[in-house]
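Protein chains: 2
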Amino acid sequence: MPDALRQSVITEVPGPLSKATSKKLDLIFDARAVHFVTDYEKSSGNYIVDVDGNKYLDVYSQIASIAVGYNNPALTAAAQSPEMVSALVNRPALGNFPSHRWHDLLKDGLLRVAPSGLNRIFTAQSGSEANELAFKAAFILYRRKERGEGVDWTAEEMASCLKNSKPGSPDLAILSFANSFHGRGFGSLSATRSKAVHKLDIPSFNWPQAPFPALKYPLEKYRQENAAEEKKCLEQVEALIASWCAIFPTYVAGLIVEPIQSEGGDNHASPAFFQGLRDLTKKHGIVMIVDEVQTGKAPLYLQCSIASAGPNCVSTQLQHLAVRFGATGKFWGHEHWQLSCPPDIVTFSKKAQTAGYFFGDPMLVPDKAYRQFNTWIGDPARVILNKAVIQEILDKNLVEQCARVGEVLYAELEKLMSRYPDKIMNLRGKGQGYHRTFLSFDTQDAASFVLSMKRLGVNIGTCGVRAVRLRPMLIFDESHISSLIAALDTVLSGASQT
Amino acid sequence: MPDALRQSVITEVPGPLSKATSKKLDLIFDARAVHFVTDYEKSSGNYIVDVDGNKYLDVYSQIASIAVGYNNPALTAAAQSPEMVSALVNRPALGNFPSHRWHDLLKDGLLRVAPSGLNRIFTAQSGSEANELAFKAAFILYRRKERGEGVDWTAEEMASCLKNSKPGSPDLAILSFANSFHGRGFGSLSATRSKAVHKLDIPSFNWPQAPFPALKYPLEKYRQENAAEEKKCLEQVEALIASWCAIFPTYVAGLIVEPIQSEGGDNHASPAFFQGLRDLTKKHGIVMIVDEVQTGKAPLYLQCSIASAGPNCVSTQLQHLAVRFGATGKFWGHEHWQLSCPPDIVTFSKKAQTAGYFFGDPMLVPDKAYRQFNTWIGDPARVILNKAVIQEILDKNLVEQCARVGEVLYAELEKLMSRYPDKIMNLRGKGQGYHRTFLSFDTQDAASFVLSMKRLGVNIGTCGVRAVRLRPMLIFDESHISSLIAALDTVLSGASQT
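From first to last, the protein sequence lines are chains A and B. End of the first sequence sits at 959 in my numbering; the numbers just go up one at a time, nothing left out. End of the second sequence sits at 959 in my numbering; the numbers just go up one at a time, nothing left out.
There could be a bad hint or two in this list.
Copies of the same chain look alike in the list, so a pair counts if it works inside one copy or between any two.
[What the hints assert, rightly or not] With a Cα cut of at most 35 Å, we get these calculated DSBU-like pairs of lysine-lysine:
1) K627 to K485
2) K884 to K744
3) K677 to K627
4) K743 to K627
5) K627 to K606
Bear in mind the hints are in silico, worked out from the structure with no lab data behind them.
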């Protein structure tokens, strides 16, 4: 069946059943953000089906978190495995009573595709939690280095921290960037800077915010201006690290950055900018956290150990040589940057279907047990599912596919942009020498744009102030491009207005 | 087979295989807190089996989070259901694309046993997250009332919150109690006051800490002193609410309290104390959050709507009359208090196998959509499992059983206390006219006590500074008491020392 016929919308959007179900749900569970109520049993692959029987090509993918398609058979098999049933029924307190399968599950799953140089893991349940755990690791390391190795906690430190007072509760900060999104907890939200709706009325820490480069697109055309912009931002990052403690005094212990600012508008920066951040964090001895919650696809290349990490890295003790197989694309956004040494911490969630952080430096394991700890420390059931996602990506060469499809899709969007230059602007997502399907563009009224797209059977999302973002699954292929482009063309041409 | 023969320890504890597996695991995942490595396939009911083949009567239950036993057949059936497979494979962004089954799943599961008067829910993934979401709801409500209904956000508020500055990021606080434990995130950890190991080196908010009553046990014997102590603490709570804003100025928007301070040492207080807290929070217009993460058993009584809540409640708009069936025990700790109106928010996790908060007041739904939001908003797979836990509790009358068994167990522990008065002290857990198995006592060296118990085949935990806590599952029955008491007797008599 041709792609164009695959999606089909037979009612208004949302349809009457979606509306009625939402209304009923809203009495017990805030349903004001519901797009439509979904029939997941009828959804399949790239297509999501609502209760009214409307079928949409889904390039939003549960806010970028479905990797290999609805009702994927390989995932279904994993969900039905005896290992999964046991993990669901016998949920462990992982830190105290891990299963005898836990080591191998991590090794054969999440760690199989760990970023180069980061061979340790702490598991979590959401991107927010992963980022907060990373912050805590950074703060504990900062104070550990200040205190000196082997120096025990003082009575004053222990008593004061219970009162939320210094010196036990130190004035330490995580630097983040304007327009960033790192989560909704009190720590992660203090680093989030994208929209007032996320932050208003919630107390936050007095942490510094650096400007994120405001680049001009297409990047190649404005190479010089963009380089100047990035240089200026790097200077401000360094100035903030130095000045923040002088003014408040609150010391910057870590920095968090997204490879592509997603929720904040799909804002890109060049490898040179991130190299600059790596060098600055090394110079000032602060932890560099790369938030790959939205950009991490779900593991993509096989690696076997040992690359060399420079002696100036915060992660000094790494010796790691990565030999990569397959894949012209890369799984982790930061692997496009060719840093002088790996980031200290990489956080993940969403497409991984579980969450946590990778790290390499054993010094990032706190000085004592139970400091980085909680009852569940993640959910083995979701880690089992993650393993199946990884295997599916490798079996189907989905990273290669993603790079290949991204190239075609980008070219098609470029054509649309040249036809509708006032309606599709700042197309972005093409890397320097590589492609991906993580694409976006600005438009005049993103909210009504995506509603029009839904009416044509394409489920698509927005980000930032006026961006439309494409977050197709990794199984999105050439056969889906034509119907996506046809729908975009219809909306852009104004033919969909009724 | 007699109970005494059911547990069996055939190696040192932890055994050689546990040690070797932990050591290997520690290279990739912090394993320093591992008690033993577990074979969950071989574990069953109240018994947990380690990789060395040791079988323990488990009265720690994964830090109080297993309700109805390892490999419970009803839970296994739920884990194998088509509904579960779909929930695992097609993980939704619940706020945007809920399944058509979501409403009924909440109604027939979590809300079936909602605390009286609290008929709305927000789902989460951990106790920490649930508490932080409750804090956010309290802060948003506080500012909403300050701002006045229908008054829109100002440009200054929206701009300043992105800089973590006032007025958008207000100086608001949650009051908590000394020795409390509410979680490990930056907000929940700011309310946690139990141990330095949880808090040291982590920045925290300048929030007030009130004294929690230091009662004398047995409670009946010291009724008068305890009442005076509770009165003194209530006075200090009110003084803190008034003075905190005068000193800093940071306004108290909410108060969080555990029915029994668990991690902090199993500290109890009387219904009168909690009634006092309810009255104070009503008087000062602040949100009362009851943290039932450890005390909530997993729903225990059926209710059909409609009791009347006083007009002075923060939850003013409730009309709720609860008709309760069965059960001499109660599911929620706070239901023993007979408050003048329900708490504003009750949080849960652990035995629920999922997490979140219940509330009743529609004003606790934020003024706009997307304020209380995140990608996953909980995990439907875990909510399905919760529904099976609830059904099992109801089918097997486990709440009644728990009250019945608790009475016998308490009496047995009292006998031990009278025989070993210097080794088992401050036995606690008996309520005023009711019983439960949530019991504890102080001893001289809790850490070595529980190790000795493990060597005798009983997995038991500690809390606070010197307490041994019993957290048996709800399926723990009379047949398990004798082997538990025999092991305690052996350790207390010194016969287990080798």
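Now the hints, each set against the structure:
1. K627 to K485: Neither: 49 Å inside a chain and 38 Å across chains, both beyond 35 Å.
2. K884 to K744: neither (44 Å within a copy, 56 Å between copies)
3. K677 to K627: This pair counts as between: shortest inter-copy Cα distance 32 Å, intra-copy 44 Å.
4. K743 to K627: both (27 Å within a copy, 33 Å between copies)
5. K627 to K606: both (17 Å within a copy, 33 Å between copies)
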